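Enquirer: Turn these sequences into a full structure, and let the hints steer you where they fit.
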Amino acid sequence: MKYAKLFLFLFMMLAAGAVGAYAQDGPPPEDSERGERPEDHRPNLLAELGLSREQIQQIRRANRERRPVMMNARRRMGEAARNLDMAIYGDAVSDTDVHSRLKEFQAAESELSRLRFESELAVRKILTPEQLVRFRDLRRRFAEERRRNNPARRMQRRDQQMPPTQD
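Take 0 as the starting number for the sequence shown in numbering that gives the first Met the number 0 and just add one per residue.
The set of hints was computed from the structure by calculation and includes no laboratory data.
Small disclaimer: the values here were computed from a predicted structure and weren't measured.
DEER-style ranges, computed between Cβ atoms:
hint, residue 1, residue 2, range
1, E53, R146, 27 to 37 Å
2, P150, E64, 34 to 44 Å
3, T95, R63, 38 to 48 Å
4, P150, R113, 28 to 38 Å
5, P67, L120, 13 to 23 Å
6, M69, L101, 14 to 24 Å
7, R60, S112, 20 to 30 Å
8, E47, S99, 43 to 53 Å
9, S93, L131, 46 to 56 Å
10, L137, Q57, 15 to 25 Å
11, E144, R81, 29 to 39 Å
12, G49, Q105, 32 to 42 Å
13, K102, P150, 31 to 41 Å
Glycine included, every Cβ here is placed at the ideal spot set by N, Cα and C.
Expert: Right, here's the structure in full:
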């Protein structure tokens, strides 16, 4: 679930950031010095999904409409987290106040999650069946890459490869 949210966030950020450049200028040019393209370092979801100009415009409109609502939801969640923190670590602690602040935080968190999943659903509705298959494959590859590059997992592999120390 955590990775799904992360992937959604990255997808929306990539879509929002890349849509303008892609829609106006086409795919990014190659880096003349090294012959590398930006998508060599991270997936270019728009190009890999093969979105049409109309689909890109639909995503741009959805992002534009969603942006202020998401910003407000993030702001409310941040405020709720700070209020909960203050209730827990203040000079005088009140179980009633902590529980009240916790409910506010949970409501803000729930609202933010709802908005994120509604956004994901809106993008999903724009994709063709073929693009959906590609999207699922990209998401699977992204999750595999995250698992491979997980620092805790790298340390675990390193520890397994190191010879035992003699005391």
